[in-house]
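Visitor: Each chain, written out:
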Amino acid sequence: MRPGCWLSATAVVALVVGLSPLAHAAAGDECLKVLGYEWSGEKQSMDPADMESGDDAYHIFAVYNRLLDVDDNFAVIPELAESWGVSDDGKTWTFKLRQGVKFHDGSDFDANDVVYTFKRFWDPEVASGAPAVLGFLDPEGIKALDSHTVAFTTKEPVVELPVLITNKFTNIVAEGAKHEDLRLKGNGTGPFMQEQFQPNAPVRIFRKNPNYWQQGLPKSECVRVTVAQEPVTAVSAIKAGEVDLVLNVDPSVIQALKDDANVKLLETGASNSMTVSMWVDTPPFDNVKVREALKLVVDRQAMLDTVLLGFGEVGADNPVPLASPASYVKDAPKQDIEKAKQLLAEAGHANGLKFDLYTAEGVPGMVRMAQVFAEMAKSAGFDINVIVTPADSYWDDTWLKQPILTSAWSMRPPGEGLAVAYTQTAKWKETHWERPDYDALLLKANTTVDTEERLKLYKQAGELLAKEGGVVIPMFVHQVLAMRAACEGYEPRAQNFNLNFETVSCK
Amino acid sequence: MSLLRLIGSRVLLSLLTLLIVSALIFWILEVLPGDVASRILGRDATPETLALLRAQLHLNDPAFTRYLRWLAGMATGDFGTALTSSRPIVQILEPRIFNTVLLSGYAFLLYLPMALIPALVQAVRRDGATDHVLSALTLVLLSIPDFLLATLLLVTFVVTVPILPAISLVDHSSTALEYFRAMTLPAATLAIVMAVYAVRMLRDNLIEVLGSDYVRMAELKGLSPRKVLLRHALPNALVPTLNVTALNLAYLIGGVVVVEKVFSYPGFGSLLVDSLQLRDLPLIEATVLIAATVYIAANLLADIGAILLNPKLRASQA
Amino acid sequence: MTLSAAPRFTGERLPSWRRLLRRAPLSFRIGGAILIIHAFVAVLGPWLAPYGISQMGTGVPISGMSWAHPFGVDQLGRDIFSRVIHGSHIVLLLALSGTGLGVAVGSVIGLLSGYVGGWVDNIVQRLLEAVISIPFLVLALLAIAAAGPQLAGSPLLVILVVALVYAPRVARMARAAAMEIATRDFVMVARLRGESAWSVMRREILPNASSVLLVEFALRAGYAPVLIGSLGFLGFGMRPPTPEWGLMMAENRALIIISPITVIGPGLALASLVVGLNLFTDGLARLIGRAAPRSQA
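Residue numbers (my numbering), protein chains in the order written: chain L, 650 to 1156; chain H, 48 to 365; chain D, 1185 to 1481.
Excised from the complex, chain L in its bound form (with noise of 0.2 Å):
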């Protein structure tokens, strides 16, 4: 046999099977084109109540639309309702829904529709994660009043109730709409509709909904939405223009787009916090000496210019970051090594202290906060062996299971930001912080209608939280993202799953 018998008959092969795809024609090149960077594979799904990752937001925002939306500030919005009160008791809050919305099959979207799409998440068919973050609502007492009014009453006053239900899994589906049709095929009365989509599928496409409610929008005449896990990749995409919008730019990648004319650079307010998260009451964070010198010993300008290159701003040790009104100082607590080395004596451990701390990168960036911290801590006598598991096990395997570890969550409004991690009825109760008199201010400032006085207890539980409490949050993550300068009109959300592409157009 000759070798190039070889070479011809392989040849001849592969040209058949290399053209065979000549019949099919190019599409979503004339869309808007939307790099995203996480990607959950075969567990991608169209249903709202299946979203855990950030890869479903991707087209599930594009679909869906929720009764509000919300701003950095946490601020909320009319999207699906356009007026919300409250009843003098505080339990019962009704809403106002926009007349003329009609889902992408055509359906008119009425008040039947909003009860359906809450109560389904206690349906065992559906095994939603939302009851976990929904608790304070009473499946029972959320009704349909007229065809455009919907109550939600519930068992205790619940002052920030339009903002809890405006969370990732309250995208509004149609009355009747069956877990496993929506899986696939989804039906919103969002932006964009449906046109391509398959789970674990390469590329998304979205068309214009033509009925959109909101006048001019969207803008683009559709969405191409294609994920990229390699920020080198990304990078690269973008500056050769291959994309329109990149959702997350890698701090360590940014320095490539600075000077690139084609390129625009957009930054984010707190996205979500990090932190190093430790089991109050497991020896040796059980003495609050020893957590206080954790704290104290992170620099944490210095942690925020390396670890995420200034892309973020600093924090003090409890979830609310220093620019709200909510937040109990101005300023980030100082590093202060002496301090933190006589607590250590003080605490009993004057020749240092040993122990692991695990991290993943299950948000990008903790890995390196881990080695930074170790390193900052080293100078005040801790010897801090950072154990890095995988990632896409840490939350499964890892997290809530040992004592001390790294630790990220997305911004919450003040009062659920301070209660998801840390009170005694928390479900993930990072830190095991169990103390009445915190629960008790924060269940004071759930009902507190005047604001000024709420802000009071926040700033309290806040100030409780960051003295002895079991959390150090050196930072806060802006994230970046990155637009061709061809294309304006995206307006980024700290919350990275909100998204919003029906405002970008790009020439």
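Some clues are possibly wrong.
In silico DMTMM-like links for lysine to aspartate or glutamate, alpha-carbon gap of 20 Å or less [as the list claims (entries may be wrong)]:
id, chain 1, residue 1, chain 2, residue 2
1, L, 1078, H, 95
2, L, 1050, L, 1005
3, L, 1076, H, 260
4, L, 983, L, 954
5, L, 1050, H, 95
6, L, 1050, L, 962
7, L, 804, L, 830
8, L, 768, H, 95
9, L, 857, L, 1140
10, L, 979, L, 995
11, L, 988, L, 941
12, L, 827, L, 908
Chain L is nowhere near these chain D residues, computed Cβ spacing over 10 Å in every case [to be verified]:
id, residue
13, 1218
14, 1219
15, 1329
Far from chain L, by Cβ distances over 10 Å, these chain H residues were calculated [unchecked claim]:
id, residue
16, 52
17, 62
18, 100
19, 120
20, 171
21, 184
22, 201
23, 265
24, 272
Bear in mind the hints are in silico, worked out from the structure with no lab data behind them.
Here the structure is a predicted model, which is why all the values come from computation and not from measurement.
Idealized CB from N, CA, C, for every residue including glycine.
Knowing the structure of chain L, use the given hints to seat chains H and D on it.
Guide: Showing chains H and D alone in chain L's frame:
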């Protein structure tokens, strides 16, 4: 006929091997912490939501029952449905396998000249400067991990000289030209990685064969050096290389995750790793078994190829 | 990458070292010299390196080549040249012990199975083939998941994964060697003397297979650093802040557009080690009288 019998018995043994693989994978996944329910819910998991989802996915049935159920399905050719999306597994596999076969074909086309030409040049110019330079080059390429090679090619041909796309986007609607452009960088990476091994082996074998009596005879008969090299030496030298090529084929189906990741190419390798990370048992079983089958089949083909290419072996088999 | 080529072997005992060195080929000497330099750096690394292993603030983060920082500075402000030096012994130890364990386990399984033969051999063969046919990434991922978070990134785990990938492939080769040796007269004699299988294996078969196994070891050790580096890239190998070279390349790969030397520096170190190991193997194989096998990891 004995060749047929050989193939027959090898196929039967391979089936047994695949059964062992499936049992092994199932057993390991049973032992591992975390299951598909906890992976689907991720950070949002609470004991209540987990219990609901587990019940819905029938994860509470005894492990052995679930294995037998799956095996019975496989026996009738039914791959089942993915737990994560409840889509039929065949439907999930089809585009990925198509993409990987296409990419592998392209990579192989590039691989053949990349492996043959340097090896032939080196063998002819044995111990000369060209030989040493090429040897050094292959050695250096051998030591570059594939992720680095892929990234270097990406930066070179997308950023420095922007002629190829960074994201290898292909789906059923892509044209042949789009496929060609999208696949060039990943295929080139794979071809280089594979060729580096084959070149070294082929060169040594060629030199060995060129020194054999058989080739001397051909030369004495007055055949041109070119003919001797291509007609007589090369086929013989290819025999051991066939094995490497078979192994490369197995690498293409399962080990290309890195290259797929760098170029965002929707291939089979990343499906394999994704499903493993999601603990989606039927999908893992299907993908691992396909990868194992390709490995076994490639080896079988290499063995048959060796018998066909080598007259001596052919005689001993008869 | 994976796998072994067709098992080949010749069965003579190793000649004495002194005789060997006298007729050592050039590749053996060059490879040996490179390896000696690496060993030197590995041992004296902590004294040679200008900066500490994870010392931060050594220079401007993400900067390129300079006299003070030949391989640049990474994002956390660590000097990459120092880290490469500090990492030398880690890479060498991981590669050698992982390969060593794999070759040792594989040899025992393969030699015994090949010598004993029969149904034991059949079962072992099926199991080995099953393990080999599973893509090595899947094996690595499963092993790491099974080890749990406490062991994540520990050198022990990486050594075990390398051994797990290598052992079945070595076993196949060792088996072929054992089957051939088993047919020789001196083995027959030993067996007739009534020696146990274990003792025959230890006293007759192992010494005669040693040259095959030695080359197999050197060959696989030559690819082990790349394998470990690739594992690191995928998040299954060593973990930060370990200065393992493959991991450093993976960690810094995002900087490749801005300052390529941060990636190429550790790459050069790795390349020189792999080139050294391969030249050494080539020479070694020629020296003990067999053609250098070319197999993949």
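Visitor: All hints, please: hold or fail.
Guide: Okay, the hints, checked on the actual structure:
1. L/1078 with H/95: holds, 15 Å
2. L/1050 with L/1005: holds, 13 Å
3. L/1076 with H/260: Status violated; Cα separation ~79 Å.
4. L/983 with L/954: holds, 15 Å
5. L/1050 with H/95: Holds, because 18 Å separates the two Cα atoms, which is no more than 20 Å.
6. L/1050 with L/962: Since the Cα atoms of residue 1050 of chain L and residue 962 of chain L sit roughly 29 Å apart, the hinted pair is violated (cutoff 20 Å).
7. L/804 with L/830: Violated. Residue 804 of chain L to residue 830 of chain L sits at ~33 Å, over the 20 Å cutoff.
8. L/768 with H/95: holds, 17 Å
9. L/857 with L/1140: holds, 18 Å
10. L/979 with L/995: violated, 29 Å
11. L/988 with L/941: Answer holds: residue 988 of chain L to residue 941 of chain L is near 9 Å, not above 20 Å.
12. L/827 with L/908: violated, 49 Å
13. 1218: With a cut-off of 10 Å, residue 1218 of chain D remains clear of chain L, as the shortest Cβ separation is near 31 Å.
14. 1219: Check passes; 30 Å lies beyond 10 Å.
15. 1329: violated, 7 Å
16. 52: Given a closest Cβ separation of 24 Å, the condition holds.
17. 62: Answer for residue 62 of chain H: holds, closest chain L Cβ roughly 27 Å.
18. 100: violated, 4 Å
19. 120: holds, 18 Å
20. 171: holds, 15 Å
21. 184: Per Cβ check, residue 184 of chain H is outside 10 Å of chain L; nearest 22 Å; holds.
22. 201: Violated: least Cβ distance 6 Å, not greater than 10 Å.
23. 265: holds, 15 Å
24. 272: holds, 16 Å
The structure fails to meet hints 3, 6, 7, 10, 12, 15, 18 and 22 from the earlier list, while all remaining hints are met.
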